[in-house]
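Chemist: Just so you know, the sequences run in chain order E and R. In this text, residue positions in the first sequence follow this note's numbering: the first is 3, and each later residue adds one. In this text, residue positions in the second sequence follow this note's numbering: the first is 4, and each later residue adds one.
Hints listed in this document are in silico derivations from the structure and should not be mistaken for laboratory results. A few of these clues could be false.
[As the list claims (entries may be wrong)] Coverage of chain R stretches by chain E, computed from C-beta distances (three or more under 8 Å per stretch; other residues unrestricted):
{"#": "1", "segment": "45 to 51"}
{"#": "2", "segment": "78 to 84"}
{"#": "3", "segment": "154 to 162"}
{"#": "4", "segment": "252 to 262"}
{"#": "5", "segment": "266 to 275"}
Being a predicted model, the structure only gives us computed values, none of them experimental. In this text, a Cβ means the ideal position worked out from N, Cα and C, and glycines have one as well.
One-letter residues, chain by chain:
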Amino acid sequence: MIDFKKPLSFALAAAMLAGCGTSTSAGTPAAGTDTGSAPAAENAGTTDAAAAPAASANSSEVVVAFDADLNTMDHHIATDGNSFIMQSMCYSGLTSLDAAGSPLPELAKSWDVSEDGLVYTFHLADATWSNGTPVTAKDFVYGWQRLDAPETASEYAFILDTIHCVNAAEVNAGEKPVEELGVKAIDDKTLEVTLTLPCDFLLGLMSFPSFFPLNQEFYEAQGDQFALSPDNMIYCGPYNMTGWEQGNSYTFTKRADYFNLDPEAAETVVFRFQQDTQSALLEYQSGNIDVVKLQGEQVDQYAGEPGFTNRLTGYLWYIPVNMTVDKLQNLNLRKAIHYAIDRETIAKDVLMDGSIAAEGEIPVALATGPDGKDYRESAGKITEYDPAKAKEFYDAAVKELGGDVTLELMFEDSEASKAVAEYIQAKLKENCPGMEVTLNSKPKKERLELMKSQKYELGLTRWGPDYADPQTYMDLFLSTNVSNNQGRYNSAKYDELVLKATQGEDAADSAKRWADFVEAEKVLVAEDFAVIPVYQNGGAMMINPNVSNINFHSAAVDDYRHIYKK
Amino acid sequence: MSKYITKRVLISLATLLVILFVLFLMLDKMPGSPFNDEKLTETQKALLYAKYGLDQPFFVRFFKYLGAVLRGDLGVSYVLNKNKAVSDLISAPLLLSIRIGARAMLLGSVLGLLLGIAAALNHNTWIDTLCSFISIVGVSVPSYVFALLLAYYIGFVLKLTPILYNSKNVSASIILPTIALAMFPTANVSRFTRSEMIDVLNSEYILLVEAKGVRQTSLILRHALRNTLIPIITIMGPILVNLLTGSMVVEKVFGIPGIGMLMVQAIQNNDYNVVIACAFVYSAMYIAMMLIVDILYGIIDPRIRVAKGSA
């Protein structure tokens, strides 16, 4: 593989340069596939045939390659990003997000919020399901109830409690019937959501698939086959799912009868599962794939080429220090680790995929505060690389602990994690002379299990935001959060600040809430050094320069509903 | 002969049962679980375990599973295409993989035989050297590299075939994977054929046949080749294993939704029922191949049939 890669990448680069000069040659094979797929587009109409030969008209088909497969089209069961993206193609929520991530009306044409911020009344637009029945408030009520019902065992049921929906936790725990969940249909077109506490990010979150509606009658008629194939689904979004070939491709065809139709959007969007990005890139060069992710060295190789796109994701990688391990209870040791890690080099030279050094535990571009500024801008940079300080704190720790320290760093067996872990190991040894660091590589699921049961010392893990608010990260380190507080960090000061902001006296005051988060993050990262932020994930990809209108969101589902190709 | 076959079939079935148990046990002891996401709370995990019966003791689960398998129910998937019946999930990938694998095996065997015979008949000439070179390259180049080379030169530069699998054009899009997979069988069969053929051609009975004035083609096909085939059949088992494992890599490169790729994904996701079903299918194919090899042996070499049949 190593011997081979270089001549190939050279050849690829050469081929690519050649391809760029004559853009028509890249366009022709793609146009060929359009006509091939025409029968799949039921409602494509007559324009399709005319569009194929004309290079100037919008192309009818866009092909997007994903390196992970679709897991489920059941939006209450889904947990992975790609499933959410595909569900968002054919289902809609009360709101959708604009390019900047602000909520826009979608299935709800308007809404009122009570003065105390506890009651949201949504007025629904005249949308229909793909079988012709109208989308009603009852569909939302039924969907939310199913999400929360214990027998659904949805991994995302917690999100109802996150928005503080009345009785969400009680219903999910089986203590109250689903009917007592704080969501009611006032009439067919009016939905009322009641909260126990105000929620600043509720409107944006309504675009998240877990909150999408479900048609009770259709759902019940499907029995245990619901959403297992396009025949067992009806849609309330801009596309119908018309092809499902597990492990290969998923086809979405534009609905002519969607109430909020985007005339520009492609007639057909195909999501193609292709794990090996090398061959996916060849298809990209041939014009058969329009969007493809880059991995590892490919990023360096393609950077600067037309179509190269670098987007920042909301995933933050960090090391939760296991506080139940005696030696790690030593503050100076934790400080030494914090200062010994060169995050800039990890992002720029080790990963090289558009990742950036973590400035704190809350990623950049996650959430905008009441002052209109990005959270990170308000909170500032609270991580630091300083070899002198690392050595000083390590020497102090050695004195207190009575000798040199050996630590184990656990990581998952992905290429990126391995490279980062090896780099951290080298830096710790270099900047804390005398420290021994061993590496422990585990498959991801095993790593998660071991870390959740505190069977580790240092572990490289990540968290992806569920909504655009610092709370999605802050909740992780509460002493009461047994599932996610892997290091068993236990600070009364931190708990008090976070709880005050999320459910206490500051919950209704956006400015104070924000200040509490900034303060709490400082306690966690730069006072107690209990969590060591490392980097924020980047995502490099090649996008056909003729393709536009993909909205990438770092804290929400990427939106391909308006994609088109010229 | 029928007694011999019956015995072999019974042994095969018993082996499969043991395999099923071992698979079940290994997955049970494997750390992690299908429901182990960053976001999953303990309560939700317990709910999911209860929903799928994973909270029950090992033997209860095993015998329930075994009972279900005998009824043709392989359970449902926990991760990939969640809640879909595993039998539905694996059937299409399995057929596709078999389609590609069988072609590769056929292509590899025929090519290998031809190369091997050509080399043996032209022993110590440039033809022999060329054939040996092809088989050495075939054995030593990793299938990932070979697959990518094919994708690059034949699919991308020459544009003779599609690069990635396309369900609208299956026959054309499985050409490259078939060639990629056929490389190993070609190389192995040709090496074996060559050395066996050289041995056979130097043996005394061939000398006798030659002395009797039998024509060259008849000598090769009827006398030499038949005796060459016996040892070659023994390597069919290992070749099949290589095809099965090779398919995982080749399917990944060409994006083929086959059983190899499904199994890799299922393992990565701890998707228990899918892993067991795939691994079981792989084992069954291997055992079936061994069975066929044993039976073919009996047909080609009467000495084996008699000896084993009476044992």
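Chemist: Each hint needs a verdict: does it hold in this structure or not?
Modeler: Going down the list of hints, with the structure as the test:
1. 45 to 51: holds (count 5)
2. 78 to 84: holds (count 3)
3. 154 to 162: holds (count 6)
4. 252 to 262: n = 7 at 8 Å, threshold three: holds.
5. 266 to 275: holds (count 4)
Checked against the numbered hints above, the structure breaks none of them.
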